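Novice: Letter by letter, the chains look like this.
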Amino acid sequence: MRECIPLYIDAAGVTVLVAFFGVLGSLLVGFLLSVVRFFKVPVLSNVSGIYIELARNTPLIVQLYFIYYGLPKVGIRFSSLTTAIIGLVFLGSAYMAESFRSAFEVISKDQSEAASALGMSRIKVMLLIILPQSLPVAVPSLTANTIFLVKETSVVSIVALMDLMNLAKDIIALYYKTNEALFMLVVAYALILLPISLFAHFVEKRVKYAH
Amino acid sequence: MLISLPPELTVIFEGNNFLRLLGGLWTSVSIALFALIIAIPLGIILGCLQSMKLPLISAILKFYLEFVRIMPQLVLLFLVFFTSAKTFGIDISGYASAVVVFGFWGVAEIMDLVRGAIDSVPRTQIEAATSLGMRHLQVQYLVTLPFTVRQLIPQLINLITRMVKTTSLVVLIGVVEVLKVGQQIIDANRFTTAPELAFWVYLVIFLLYFLACWPLTIFASWLEKKLK
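Top line first, the protein sequences correspond to chains A and H. All residue numbers for the first sequence refer to the working numbering, where the first residue is 10 and numbers rise by one. All residue numbers for the second sequence refer to the working numbering, where the first residue is 927 and numbers rise by one.
Check before you lean on any hint, since a few could be wrong.
[Claimed, not checked] The calculated DSSO-like cross-link candidates involving lysine-lysine, where the alpha carbons are at most 27 Å apart (straight line), are: (1) A:Lys118 to H:Lys1012; (2) H:Lys1154 to A:Lys217; (3) A:Lys118 to H:Lys1151; (4) H:Lys988 to A:Lys217; (5) H:Lys1106 to A:Lys82; (6) A:Lys186 to H:Lys1012; (7) A:Lys178 to H:Lys1151; (8) A:Lys49 to H:Lys1154; (9) H:Lys979 to A:Lys214.
[Stated by the list, open to error] DEER-style ranges, computed between Cβ atoms: (10) A:Asn55 to H:Lys1012: 50 to 56 Å; (11) A:Arg131 to H:Gly941: 18 to 24 Å; (12) H:Lys1154 to A:Arg131: 19 to 25 Å; (13) H:Gly941 to A:Ile18: 48 to 54 Å.
Please keep in mind that the hints were generated in silico from the structure rather than gathered at the bench. All values derive from a computational prediction rather than experimental measurement. C-beta atoms are modelled at their ideal positions from N, C-alpha and C, and glycine is treated no differently.
Modelling step: build the complete structure from the supplied sequences, incorporating the hints.
Specialist: This is how it looks when you write it as structure tokens:
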């Protein structure tokens, strides 16, 4: 099995790559969605509401099948890696948007009204009043979402990406080394997820004191 | 007809294709249901145990929870499905191993929900009840229980939604569920007059999942507001 270790490192690279861009994209898109919802921007607010409900109430695997096998039939084609990241961002941004939304609700309406009465623009109200106060509140659920999304990357093997899951499946099929392959798989995921989980605990503690 | 349906949609509703899709969805939903039947009572018992904070047992349960939490569900499915046959020589079906995995996962999650709910009962409430002369069991029954249940139910429904969504993974260990049925329909109609069938089939599956999970999500958030 020793010769398989480099393969696992490569595959872990794919998993981490997808997870990194997926989480980053989810945070960005999720934040934008929640801002649009927060200010009740006419049409956009309704659209993002529907988007959030659709993305949150369907499994990632179904979303990936649709993007990878369904959309090419109507002429929209993405590479495996792009599909995986788009799928993860589609799912993740809805979860992140919900986290931001519930954190924004903690800050009382009076504050944003007072700020706009002072002549602040909406962007300023968001960046200077709402965000600094609600970010510490949002952190625990944002980190939980991050861990959830990293775990969700395990299904990207269905769009023909050589991630950890796909590699383990191949090694089982090729060499019949089931236990060894699965053991390495568990170790690899633990090595990726434990540091993230510990870091999340650390950040949550710091934020709690700041609160 | 003023609006003509695309031929792909007629294929989906042809014969018993749509019923088969629904049957496939039921397969994964039933896995979640079986898992919950095991997980709810066991999870509640272990959650109560966990809230007592017994040194050794608490550490073991915590380890179990963290392991289940940190491993992707798909990894757990692979672990049970492949090692049961390879190492223990037990040939269990993909369906059965899915029930085992989701049962295990459910127990861990429900255990943590119950512990969290019990821990969140304000100390002052318990102290007030005790100072009124209630006995330990009375406090548990009249103060802790109603408070805990109120917190628990919306979270439990959210967990059920999550579980229904996650059981879609069983297609990867060879269980014939909605995605697999979809593939079969697409393959069977490969050479017919429905070139864009894959698009419509996966869209329909997407919407089916949405229709299965969305009402639960709405119900959970409504309950949460109401019980507060």
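Novice: Please list, smallest to largest, the hint numbers that this structure does not respect.
Specialist: Those not satisfied are hints 1, 7, 11, 12.
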